[in-house]
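Colleague: Spelled out from the first residue to the last, the chains are:
Number of protein chains: 2
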Amino acid sequence: MPVSKIVVIGGAFSGPAAAARARETDERAEILLLERASGVSYAIGGLAHALGGEVDSLAKLDREKARFFRDTYNVEVRTGVEVVAIDAARHVVDASGENVPYDRLVVATGARSIVLPVEGLSEARNVFRFRRLSDLKGILRLLERGAKRVVVLGGGYFGVEAADGFLRRRPKLRVTLVERGERILQDFSPRASLRAQESLEAAGARVLANRNLISVSGGKIARELRFEDGTTLPADLVVVAAGVEPRTDLLKRAGAKTRADGSLWIDSRCSTSLPDIYACGVAVGVEHAVTGKTFWTAQAAVADRTAQVAGANAAGGDERLGGMLGTAIVRAAGVVLARTGWTHGREPEVAVTRIHAPSHDPFLPDASDMSVEIHFDRRQGRLLGAEVVGGPGTDKRIDVLAAAILGRLGVSDLARIDLAYQAPFAVARDAVNVAGTVASATRSGKARAYSAAEVEGAKDFVVVDVDAKRGPGAPAIPLEELRERLAELRRLAEKGPVVFRSATGRRGYLAARIAADSGIACGYLSGGTR
Amino acid sequence: MPVSKIVVIGGAFSGPAAAARARETDERAEILLLERASGVSYAIGGLAHALGGEVDSLAKLDREKARFFRDTYNVEVRTGVEVVAIDAARHVVDASGENVPYDRLVVATGARSIVLPVEGLSEARNVFRFRRLSDLKGILRLLERGAKRVVVLGGGYFGVEAADGFLRRRPKLRVTLVERGERILQDFSPRASLRAQESLEAAGARVLANRNLISVSGGKIARELRFEDGTTLPADLVVVAAGVEPRTDLLKRAGAKTRADGSLWIDSRCSTSLPDIYACGVAVGVEHAVTGKTFWTAQAAVADRTAQVAGANAAGGDERLGGMLGTAIVRAAGVVLARTGWTHGREPEVAVTRIHAPSHDPFLPDASDMSVEIHFDRRQGRLLGAEVVGGPGTDKRIDVLAAAILGRLGVSDLARIDLAYQAPFAVARDAVNVAGTVASATRSGKARAYSAAEVEGAKDFVVVDVDAKRGPGAPAIPLEELRERLAELRRLAEKGPVVFRSATGRRGYLAARIAADSGIACGYLSGGTR
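Protein chains in written order, with the working numbering: chain A, 1 to 530; chain B, 1 to 530.
I should point out that these hints are in silico values taken from the structure, not numbers from a laboratory. Any given hint could turn out to be false.
Since the list gives no way to pick out one identical chain from another, each pair is judged satisfied if it fits inside one copy or across any two copies.
[Claimed, not checked] List of simulated lysine-lysine pairs, DSS-like, C-alpha gap at most 27 Å:
id, residue 1, residue 2
1, Lys446, Lys5
2, Lys446, Lys495
3, Lys172, Lys5
4, Lys65, Lys446
5, Lys446, Lys459
6, Lys220, Lys137
Given only the sequences and the hints, what does the whole structure look like? Please build it.
Modeller: So this is what it looks like as structure tokens:
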């Protein structure tokens, strides 16, 4: 059998992973990795952490990994070589003018930062993107020279990660996070976005939403940003993190199919529409494990999983990509936000339950409160998606919920699953169990859960606070007194259905169970007011 | 409808949980909780942490919770009342001489410490069990009076937890952990036991295995422990944590069915064999989610889940208990051990894969190595059980694997599941993914995995070290040179199948893939030598 030649384009993250997997699959293949930058880079995920001083040297790490990669995987790496064209019919790529033939091609060109079409932005030398080690180096150089006023443009994952990194740096910087839309982190619920904003502000940042940048003044050094609403912002350093988009030009020019959202079309074997050409990394669209529809997300897990499949199949394997969940996590100073699965369903059969629970036994120090929101199918009870917001342990709950979704568990399974309990790690009845129990009760109709939006939007609800003797702007009956004050509650209920409100939702839920049992039309505010 | 009267026996953990759940299910029922101690106690899980000074006051916590419980759940609590007999036919219990009638009875008598039949042990006033607040108070009193030499008898979960607590206390104590069997934490693999032992020793403890206590001398104050092998041990304070057993006498006397292992028989609704009597807590046997067989374990999750089901059904609900996984976690000084599912299968169709992977991105501080061992069905690939040993993040991986087992995921699902990635929480290809990938390769026969026991037990294997130029007691070919030294490897392979050995197992695995591709009969040491 002749030795096959596998060419991999792209050295950021999924390219090297695909090359390694190809080697594991075929020990004899000739494998060549081409990267247009001067070095391969494994450390994209570390940029924000290097800003904050949590990482010493990403460059050192990259060098070590590159050597291990070459020696261990026997992959030839050529850097500083840009592939400008693919001739799919002839099985040849044009690499900086040289024709490089291939038997199988793996394209891992990744995503690129969205360029804002703003006057003066691209000329300024103190404006950076946030994708590569070279961006990081430029940013660190300015910080070392005393830049203090940092503006991050873009309130998505990358922007918040960058802002978080700047906020951790000592001595403290003046960090402003600017979002064009109405709130940061729009992949999350409005409530979670607000938690993130408040947390960043508590750490000293300014967070500005609804600010559309129209121009930058100062010439070679951007000194002032001007927004559509007439406001301005001074800056020593600007980071553009206005999102990323799939980098697909090369394959598109070669005739490969793309999708409506701009991502590359691949099948479950990571084959593109062109013969012997595979694609992987954050340029491709993948199937959603819950909806079955194709979606695009710039998460490292997608980059890795597609790289594994593309690399194996390019080397003659037969791997299939499964559905993905779009699991994501981001730190916003003191709070961590995480999501997984399908949380954007607004159909009537999708129900949402939000609960609050401690990260671990509250008699130990550092226990903190987290909110767990689960989205599930009202009829079958099947878990569809989840959002967790809290401190340490947020990552654990979202990962458990991700596994639960992939395993097609229902809310009653969540209620009963036995997770590891010891006081430093959890409570005996974990947040995940509580969410499952409350969701099961909602399904059974025993305690109707209302969202904040439902309650705020309608006038006929009677909101009753059950935490304190007196609630702000609402009648109050403490939960402990509710049983003795049912007559009073009945009078209130004449005006409309009662919604019990409490800080965490738990006491409101209990109140609803008590009142419903006395025949009072009622429900509770899911997730509480916190 | 007449108001039903629900009596709950036991106030430690599952009794109150069952009472609360009964109240949520039926607002009108009369609910009475009887506890023989002087107070209800929620804080069993905190005993070890109070030893180490991590918890200020468990008693305070208990008092606050008891008040919340009474006010919020409207449950009448009578402490200092011991139920000495149940008349199942007449629906009456004898509570310290008073006849208390019930419509439905929930028995949550829990587990009791195993009493060692050792001369002099029960008389000594400096010997304690480790189950109740009163035990803790007695222990703390002696420590405050200057007790320094602490002996913990029993190397199971409770004993290790207690030893861990003592080791955290300042000023430092002299802690000795004594195990009768050949190793501590026998619920885990021998390798994991050894890790725990080494970790406890590194923290200053002595760990003695194969020590069978035969007598205690000193009279009212135990001063010296004497073991069967003739050795002795001086002590100021002795904690007996030699395991627990289901406390079933009361129900047995009333005629309830028990199982061969001594646990109470219940059905999936937590009904005992007696009419209108439910049981919950760590006295009952539950169904194993993987094997379908009944098993008994003294884990808090079992106490909680059975309490939820028993409480709901006693109040007229219709809840069912699902299979349990026996998930457990324990700290042993610097290392955390966790397990879930079925890890005791020795059938040929059960395969085991062990890998090492970092807890989170190693370019950040505090990243540590963890080992993940998964047990799976060789033919179908279905995950059966798992063991994780490491530092922070151990709890996360075991919980993800617990959810995966309950969702009947296979090893290829583990390979692809997208977990939350950001550098402080994980690596893009998480330990769980790596375990799934390596297990998939094992199934496909691409790289045969050998356990340490298999290799040590057989003489015909040729062990080759691929980490260094020279391995202790074995030929060495560094992975990087393997491709150039295949001829040498072939000569070695003439003596028997080659097993590649490396610290983490990863390099051994890669070596096996390389050599197998050249037609050399080989495999690798799963989990490595670390």
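Colleague: Give a verdict on every hint.
Modeller: Going through the hints against the structure:
Taking identical chains as interchangeable, the C-alpha atoms of Lys446 and Lys5 lie at most 27 Å apart only when they sit on different chains, with a minimum of 21 Å there against 63 Å within one chain. Taking the shortest Cα distances, Lys446 and Lys495 sit within 27 Å of each other inside one copy (21 Å), while across copies they are farther apart (71 Å). In this assembly of identical chains, Lys172 and Lys5 lie within 27 Å of each other by CA distance neither inside one copy nor across copies; the values are 52 Å within and 63 Å between. Taking the shortest Cα distances, Lys65 and Lys446 sit within 27 Å of each other only across copies (25 Å), while inside one copy they are farther apart (56 Å).
Taking the closest pair of Cα atoms, Lys446 and Lys459 come within 27 Å of each other only inside a single copy of the chain (23 Å); across copies the shortest separation is 65 Å, beyond that limit. Proximity of Lys220 to Lys137 under the C-alpha cut-off of 27 Å is restricted to the intra-copy arrangement: shortest distance 18 Å within a copy versus 71 Å between copies.
Hint compliance for this structure: hint 3 is the single one not met.
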